[in-house]
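Please build the complete structure, drawing on both the sequences and the hints.
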Amino acid sequence: MAAPPHASHPGGGIVTVAVDVTRRGGLARLGDALFLRPGLLVFLLLLPPLLWLGVVYLGSLFALLAQSFFAIDDYSGRIVREITLRTWAELFSLANLDVILRTAATAGVVTIAAALIAFPIAYYMVRYASLRMKALLYLGVTLPLWSSYLVRVYAWKLLLAKEGVVTWLLDRLHLRWLLEALLDTPVIGGPSLAVSWLGMFIVFLYMWLPYMILPIVAALERVPPSLIEAAADLGADPGRAFRSVVLPLALPGVVAGSIFTFSLTLGDYIIPGIIGTSEPFIGQVVLMHQGTAGNVPMAAAFTVVPVVIMGVYLLIARRLGAFNAL
Amino acid sequence: MRSEGGWGLKLAALGGMLFLHVPLAIIVLYAFSSEDKSFVFPPPGLTLDWFAVAFEREDVRRALFLSLRVAAVATLLAMVLGTLAAAAVWRSHFFGREAISLLLVLPIALPGIITGIALRSAASLAEIPFSFWTIVVGHATFCVVVVYNNVIARLRRTAPSLIEASMDLGADGFQTFRYVLLPQLATALLAGGMLAFALSFDEVIVTTFTAGQQTTLPIWMLNELVRPRQRPVTNVVAVFVIAVTFIPILIAFYLTRDTQSAAGSGK
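Order-wise, the sequence lines are chains A and B.
Under numbering that gives the first Met the number 0, the residue at position 186 of the first sequence is numbered 185, and the numbers go up by one with no gaps.
Under numbering that gives the first Met the number 0, the residue at position 14 of the second sequence is numbered 13, and the numbers go up by one with no gaps.
Since the hints were made in silico from the structure, they are not lab data.
Take these hints with a grain of salt, some might be off.
Pairwise CB distance ranges, derived in the manner of DEER restraints [stated by the list, open to error]:
1) ALA242/B / TYR74/A: 46 to 56 Å
2) GLY211/B / LEU96/A: 26 to 36 Å
3) PHE61/A / ARG228/B: 36 to 46 Å
4) LEU130/A / LEU75/B: 33 to 43 Å
5) LEU43/A / ASP167/B: 22 to 32 Å
6) ALA65/A / HIS92/B: 31 to 41 Å
7) ALA65/A / GLY211/B: 19 to 29 Å
8) LEU138/A / PHE54/B: 26 to 36 Å
9) PHE61/A / HIS92/B: 20 to 30 Å
10) THR83/A / ARG228/B: 40 to 50 Å
11) PRO223/A / PRO43/B: 48 to 58 Å
12) GLN212/B / LEU46/A: 32 to 42 Å
13) GLY38/A / VAL104/B: 19 to 29 Å
14) LEU28/B / PRO37/A: 51 to 61 Å
Some chain B residues judged to face chain A by a derived CB distance under 10 Å, without partners named [what the hints assert, rightly or not]:
15) LYS9
16) VAL21
17) VAL243
Every residue, glycine too, gets a C-beta built ideally from N, C-alpha and C.
Next up, the structure:
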């Protein structure tokens, strides 16, 4: 089915096709040959995507990994092409562990907050919204998901600026003191929301929220309403039914969503660079080693860190049944 | 049984939806702001002038056309590769079938920075200079899976008997593809293509590593974010980018509305 349809049948209908049986060209015979050997057909179909993704893409990934076993010469700054574990030993320095821990902790906090905000939206969508409302809400969640990443970051830069909307709104609500108090708090605070951990946290939360909502919706849709009625019949009050019936069944959806929110936060370097503090994230350190420092082996070794963290995360997620909710 | 739901739940859902949409609305408002030095809110006045200024700008136009060209070519490549992969995986059972699905998802499952650095270092090892085509290769790599997801979802809903009937009536493999399978796939392909286009048009992380000195529209935006010089022009470009990405997504949504979540959930 790979080749363009050269056999010209302007009529197009099945009748025309059927009449043509008598004058079959080489192409038609090729088609028959392929139909009779499905193995060959599958091979030919797969060849271009496999060459692209399997050779070019995977090849690039492995070439990158291989370079992590080279090291940079401290004096000349050149990459020495000899197999060594020196770069890997340097990866586990205290400063780097600090970066890794900070990134993973932020990803964890963002994930928990996203789950807390996403659940009511998803629950409302599935259990209470009318069909029309549900479609509208679904579009309302999907559109921000697909709209421009940079524009959304930019929007938050405007919102969080010192003279921006958030400050204006809090002024109107006479809550300015709350903002000042939060900004004065060590670790999460900073000179203004636009350059603080708190601001970065809000932006991450905003960016990845739709990724959390959609899997929870998918999981909740699979909870039959009769189960909840049965719980009520058996004497459970709504709160109890929610805790003992709905929540356990929705948990795989939450875990599935958390895969996205966690992994996206882990790999991001633009948001911490634009909104965050001067303390770097994994992605920024990778970028620094690859770019200004010219230490490609170290950048390569560092890229393995989020992959390993996500690998462990996915193993746990699979235990919790998250893959059925994706 | 459909009750109203508590006020608390309603408020929480409403609050969440506002959180998702107010920032985009604010961006649109700022594009009309007459204040050009700061992000003061509320804007002191409204004007259309910045639209004219933005479209006069040579650098913006050049970045826009580069992005459109890259997205068009990358989408076409992704449509071909994604359809081939979907057709191969559909209804066949071969060794490593699961691995193929994983391989297709990998470029969007891995953080973009890894894909970007891998492609960049591979290009420098192979001594390939940066060009239009290095950007396209990067984009097509992560766009394939979007087309694949849409096409395989449609193929799974296509009755195999249709193809058998066509073959019984004497059509060869190519004719069956052209007259039976392709019309079935058309809207799914188009939806996948639209989403791939939106994904490519907006991509910045992989592009940073494969573009060299070239400036796509997202790279232009990123430069403005890091070192703001032209706030009003950036606001207008942002609104323009929202429009260019929303339209294909709405079309894709419309095209796949019967298939339930084939279009949007795959990013």
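Checked hints:
{"no.": "1", "hint": "ALA242/B / TYR74/A: 46 to 56 Å", "verdict": "holds (53 Å)"}
{"no.": "2", "hint": "GLY211/B / LEU96/A: 26 to 36 Å", "verdict": "holds (34 Å)"}
{"no.": "3", "hint": "PHE61/A / ARG228/B: 36 to 46 Å", "verdict": "holds (41 Å)"}
{"no.": "4", "hint": "LEU130/A / LEU75/B: 33 to 43 Å", "verdict": "holds (37 Å)"}
{"no.": "5", "hint": "LEU43/A / ASP167/B: 22 to 32 Å", "verdict": "holds (24 Å)"}
{"no.": "6", "hint": "ALA65/A / HIS92/B: 31 to 41 Å", "verdict": "holds (33 Å)"}
{"no.": "7", "hint": "ALA65/A / GLY211/B: 19 to 29 Å", "verdict": "holds (23 Å)"}
{"no.": "8", "hint": "LEU138/A / PHE54/B: 26 to 36 Å", "verdict": "holds (30 Å)"}
{"no.": "9", "hint": "PHE61/A / HIS92/B: 20 to 30 Å", "verdict": "holds (28 Å)"}
{"no.": "10", "hint": "THR83/A / ARG228/B: 40 to 50 Å", "verdict": "holds (44 Å)"}
{"no.": "11", "hint": "PRO223/A / PRO43/B: 48 to 58 Å", "verdict": "holds (56 Å)"}
{"no.": "12", "hint": "GLN212/B / LEU46/A: 32 to 42 Å", "verdict": "holds (34 Å)"}
{"no.": "13", "hint": "GLY38/A / VAL104/B: 19 to 29 Å", "verdict": "holds (25 Å)"}
{"no.": "14", "hint": "LEU28/B / PRO37/A: 51 to 61 Å", "verdict": "holds (58 Å)"}
{"no.": "15", "hint": "LYS9", "verdict": "holds (7 Å)"}
{"no.": "16", "hint": "VAL21", "verdict": "holds (8 Å)"}
{"no.": "17", "hint": "VAL243", "verdict": "holds (8 Å)"}
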